[in-house]
Amino acid sequence: MSDRSELIAVGKPFSFDAERDAEFERLITRYPIRESMIMPALWLVQEQDGWICAEAISYIAERIGTYPAKVFELATFYTMYHLKPVGRHHICVCRTLSCYLRDKQEIVDYLAEEIGIRPGQVSEDGKFSLEEVECLGHCGTAPVVQLDGEFHEAMDAKKLKALLATLD
Amino acid sequence: MEVKLLSARFDIKDAHLLEVAKAHGAYETLDKLFTMTPVQVMEEVKNSGLRGRGGAGFPTGVKWSFLPKNLDKPVYLAVNSDESEPATFKDRYILVKDPHMMIEGIIICCYAIGCHDAYIYIRGEYTSQVKILQKAVDEAYAAGYLGAAVGGKDFRLDVTVHRGAGAYICGEETALLESIEGKKGQPRSKPPFPAVVGLYDCPTIINNVQSIASLPFILANGADAYRVYGTEKSPGTHLFGISGHVEKPGMYELPLGQPLLEVIDKVAGGVWKGRKLKGIIPGGSSTPVLTPEEAKTVTLDYESMAAHKTMFGSGGIVVLDETVDIVKLVENLISFYHHESCGQCTPCREGLGWMLKIVKKLLAGDGGREDIDLLVELCDNIEMKTVCVLSAACTMPVRSYLNKFRHEFEAYAAEKASAKPDLREE
Numbered sequence: 715m716s717d718r719s720e721l722i723a724v725g726k727p728f729s730f731d732a733e734r735d736a737e738f739e740r741l742i743t744r745y746p747i748r749e750s751m752i753m754p755a756l757w758l759v760q761e762q763d764g765w766i767c768a769e770a771i772s773y774i775a776e777r778i779g780t781y782p783a784k785v786f787e788l789a790t791f792y793t794m795y796h797l798k799p800v801g802r803h804h805i806c807v808c809r810t811l812s813c814y815l816r817d818k819q820e821i822v823d824y825l826a827e828e829i830g831i832r833p834g835q836v837s838e839d840g841k842f843s844l845e846e847v848e849c850l851g852h853c854g855t856a857p858v859v860q861l862d863g864e865f866h867e868a869m870d871a872k873k874l875k876a877l878l879a880t881l882d
Numbered sequence: 180m181e182v183k184l185l186s187a188r189f190d191i192k193d194a195h196l197l198e199v200a201k202a203h204g205a206y207e208t209l210d211k212l213f214t215m216t217p218v219q220v221m222e223e224v225k226n227s228g229l230r231g232r233g234g235a236g237f238p239t240g241v242k243w244s245f246l247p248k249n250l251d252k253p254v255y256l257a258v259n260s261d262e263s264e265p266a267t268f269k270d271r272y273i274l275v276k277d278p279h280m281m282i283e284g285i286i287i288c289c290y291a292i293g294c295h296d297a298y299i300y301i302r303g304e305y306t307s308q309v310k311i312l313q314k315a316v317d318e319a320y321a322a323g324y325l326g327a328a329v330g331g332k333d334f335r336l337d338v339t340v341h342r343g344a345g346a347y348i349c350g351e352e353t354a355l356l357e358s359i360e361g362k363k364g365q366p367r368s369k370p371p372f373p374a375v376v377g378l379y380d381c382p383t384i385i386n387n388v389q390s391i392a393s394l395p396f397i398l399a400n401g402a403d404a405y406r407v408y409g410t411e412k413s414p415g416t417h418l419f420g421i422s423g424h425v426e427k428p429g430m431y432e433l434p435l436g437q438p439l440l441e442v443i444d445k446v447a448g449g450v451w452k453g454r455k456l457k458g459i460i461p462g463g464s465s466t467p468v469l470t471p472e473e474a475k476t477v478t479l480d481y482e483s484m485a486a487h488k489t490m491f492g493s494g495g496i497v498v499l500d501e502t503v504d505i506v507k508l509v510e511n512l513i514s515f516y517h518h519e520s521c522g523q524c525t526p527c528r529e530g531l532g533w534m535l536k537i538v539k540k541l542l543a544g545d546g547g548r549e550d551i552d553l554l555v556e557l558c559d560n561i562e563m564k565t566v567c568v569l570s571a572a573c574t575m576p577v578r579s580y581l582n583k584f585r586h587e588f589e590a591y592a593a594e595k596a597s598a599k600p601d602l603r604e605e
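Protein chains in written order, with the working numbering: chain H, 715 to 882; chain L, 180 to 605.
By construction, these hints were calculated from the structure, which means they are not laboratory data. Be aware that one or more of the hints could be misleading.
[Claimed, not checked] Derived list of chain L stretches under chain H, where covered just means 3 residues or more per stretch with a C-beta under 8 Å from a C-beta of chain H:
1) 256–265
2) 288–295
3) 414–423
4) 577–585
[As the list claims (entries may be wrong)] In the DMTMM-like style, the derived pairs of lysine to aspartate or glutamate whose C-alpha atoms are separated by at most 25 Å in a straight line are:
5) K310(L) to E864(H)
6) K310(L) to E749(H)
7) K211(L) to E181(L)
8) K310(L) to E846(H)
9) K873(H) to E207(L)
10) K314(L) to D380(L)
11) K455(L) to E426(L)
12) K455(L) to D504(L)
13) K310(L) to E845(H)
The C-beta atom is built at its ideal place from N, Cα and C for all residues, glycine as well.
Build out the structure end to end from the sequences listed, making use of the hints.
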């Protein structure tokens, strides 16, 4: 999300669960150098926990045999890695060209007025977080909203309201 | 106007599953492939005239031939599925609707170039799509189309899906390689070109998804069959993504060389809501805009676009209706490129931010005519002064808006003049 300059420590060590551990071991054989595993490992952490804490950065570094700074560098450069907790439901609204032309602003305004969150924020109850993101590659069915990784095309405020109403 | 070479299986239910794809012809070219020599395959692709579908349009077969001969290093293939250029969404259709066509293409390419390790670099945003792709790769392994003996022949091929994580720049081929190597996606200086020094310092070919997916048709039917479609210099078909202010936006496969306005009217239903056309972005956000007058003579091929001082790009066509505020559009555009600058080169990192500030100033009614001139000057000082073309991908279209819609910028500048009269001379 917005501030990407700091890592948050949760105060307990991180480790992969059995499923992610197996995936890590499968993938690392596919690359001739271990550093290539930094990005896949960051994804595995985010899949497991929803975001990436300071302990996970150290864990990856140790597992791969590199410096934590190197892992941190990639975690900050690539904007899809969450360095702080997101809401239970993470909403991405595309802000670029075709979605802009087909009124993505109506969706952003709706979320600000009805849910009370602006891009970069997490709602007070922790239910929603919102990000305005660059092109999501669904320009032919703009505007597009990505909710918890699933795409919802040709959206408007009314459709979004109905969609959000189905969530816990 | 539409044809279905690449999109032949797109309408078949569950064609992303191996069983269904196979029932409709997937992997049928492999028998033929292994009766040919790699050189023969490369020649067939060269003869087809297939041009790289990522945006640059460089002939695919010629690109392959740049690989050095008789090296004792491995050769890598990186399939560019980063598809990050705004208004581009064609490769997603292949990844989701017919991933086995792409995997079959990867096998053909790797056989031709002598590669045994291929990476598919898919943009991180494609969260649901990567699952479909990974499943297809897993199925191909299980069926013996990938792995130690492809199709039962003495040919090993491993394919690994590598996810990006939100950086536009990783669509640039050397940034993509850096990213796979576990680094920030910062482009490399060229030369050396990746065909000589690429991934892990080894010879590497980087091809776009659609280029790769075009190979099964070419191999099965021959170069001449491919050349039936398109023009002499731009043969074949292309997946065009039409978006913006049209009645029927979407992905359409068309032979190259079709008249642009006819495509917009007949295929995409024309400008929406009965409105007038203001402009057309022909090939993704980085391509210079065309006015309705210019668009009259444009056909959808590389030569016609170049003759009209724009680019074919990725085939992502954006239609702008008469209500579009060009200055606001330019703000949206610069904002994108500024956000996506990798930060390596100062003219791009700082310059695009400066351009954004100026446009915001104009929009706020605080800018003057001198700010418009400053924008042009900045374009001059940014363009071609950086390692890669990201900055030019911003300045080239911005320049076109400044040239062709200057009056709209001037209207904002005039607002300042009328709101805050300069009384010093009185």
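Each hint, compared with the structure:
| no. | hint | verdict |
| --- | --- | --- |
| 1 | 256–265 | holds (count 4) |
| 2 | 288–295 | violated (count 0) |
| 3 | 414–423 | holds (count 4) |
| 4 | 577–585 | violated (count 0) |
| 5 | K310(L) to E864(H) | holds (11 Å) |
| 6 | K310(L) to E749(H) | holds (23 Å) |
| 7 | K211(L) to E181(L) | violated (28 Å) |
| 8 | K310(L) to E846(H) | holds (23 Å) |
| 9 | K873(H) to E207(L) | violated (43 Å) |
| 10 | K314(L) to D380(L) | violated (30 Å) |
| 11 | K455(L) to E426(L) | holds (13 Å) |
| 12 | K455(L) to D504(L) | holds (14 Å) |
| 13 | K310(L) to E845(H) | holds (23 Å) |
Hints 2, 4, 7, 9 and 10 from the list above are not met by this structure, while the remaining hints are.
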